[in-house]
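Enquirer: Chains as they are written, first to last, in this note's numbering: chain A, 1 to 189; chain B, 1 to 131.
Mixed in with the good hints there might be a few duds.
Just the calculated beta-carbon pair ranges, DEER-fashion [unchecked claim]:
1) A176(A) with A26(B): 19 to 29 Å
2) R82(A) with D15(B): 20 to 30 Å
3) L67(A) with A26(B): 13 to 23 Å
4) S64(B) with G69(A): 53 to 63 Å
To be clear, the hints were calculated from the coordinates, so they are not data collected in a lab.
Keep in mind it's a predicted model, so treat the numbers as computed, not measured.
Ideal Cβ placement from N, Cα and C applies to all residues, glycine included.
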Amino acid sequence: MARAAVSATSPPPAALERARRGEPDAFGDLVRERQRLVFGLALNLLRDRALAEEVAQEVFLQLHRSLGGIESEAHLTHWLRRVTSHRAIDVARHRRHAEVSGLDEAPEPWVVRRDADPLVCRTLRRLVATLPPCPRTVVVLRFQEDLEPAEIARVLDMPVNTVKSHLRRALAVLRARAGQALGRAEVTS
Amino acid sequence: MTFDDELRDALRPSDPGPRFAERVLARLEPVAAVVPVEPAVVPAPVREHPRRPFRWVPLGLAASVTVATAAGVVFLEAQRRAEGERARHQVIVALRLTSGELNEIGRRLDTRATPTETVPGDPGRSEERVP
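Using the sequences and the hints, build the whole thing.
Expert: See below:
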């Protein structure tokens with residue numbers, strides 16, 4: 001199932017090669033193919049659409065300068081996750097004290113699955129945003145990108161045990177807070 | 001639905017909206033994103049012989065080289081002529097000096113060649129000729 005999801009989102013192999021050869025429209029195609037990954041990651045980490053757009057644009061501008069060093073599609077995906085995560089963590093740290101309030105009144109930018117409960121989704125996103133930047137990034141990479149702790153460790157340059165520790169504690173906090181916010185007596189894992 | 005599934009749903013990646021790629025490309029190539037200016041209604045007249053701004057440069061260079069060469073030749077010729085003149089003057093001076101010296105030597109020799117009278121009682125000494 002995970003493989004099917006990856007193959008469904010992976011771009012045609014020609015885009016990267018054409019962009020590396022400097023074909024005029026190829027980089028635009030590459031951006032369109034990967035914008036969901038990059039923007040989605042930035043938005044889940046920052047919960048601010050304008051900031052997420054700014055970070056995503058910066059990531060793609062950096063990608064354009066670094067295209068010569070990208071060796072494969074897998075390398076590109078890893079590179080985008082890594083650069084987006086680090087940039088978003090930097091931005092999140094800078095605006096940590098100005099944590100946005102009243103985001104629930106903002107228009108809903110996220111795509112919600114039909115069978116998903118919008119209230120639960122909104123509450124969980126708000127709770128994820130209250131986590132410190134590093135645990136938040138670990139949680140987003142785990143549940144948005146379906147990465148294993150070892151892959152998250154490679155993306156964030158972090159020991160695997162630290163990733164596991166962040167994940168365990170963050171999930172415990174999220175379960176407890178979600179239980180309180182949603183009025184659940186017990187949240188199953 | 002488990003808590004993990006709920007988190008996956010909540011953190012499902014979203015799209016940045018339309019024209020995101022165009023905004024990135026506009027930042028990448030700001031010059032290319034500028035809307036091209038409409039061409040003028042009246043086109044500029046076309047010259048039959050288009051102006052070539054550097055066509056006099058080779059001629060100017062050739063003229064400069066010619067003038068410089070001629071000036072060099074004239075200068076060298078004048079220098080050689082001055083050297084010849086100087087050498088001729090030195091020869092004349094040297095000849096004059098030599099002539100004067102020779103005249104003096106001849107006069108002295110003439111003076112010495114005049115006959116002398118022998119002093120009596122002194123055979124080894126001859127009397128100088130009285131002029």
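Enquirer: All the hints need checking, so say for each whether the structure fits it.
Expert: Verification of the supplied hints:
1. A176(A) with A26(B): 19 to 29 Å: Between A176(A) and A26(B), where Cβ atoms are some 45 Å apart, the hint is violated.
2. R82(A) with D15(B): 20 to 30 Å: With Cβ atoms ~21 Å apart, the hint holds.
3. L67(A) with A26(B): 13 to 23 Å: Since the Cβ atoms of L67(A) and A26(B) sit about 18 Å apart, the hinted range of 13 to 23 Å holds.
4. S64(B) with G69(A): 53 to 63 Å: 54 Å, holds
Violated hint for the displayed structure: number 1, the only one.
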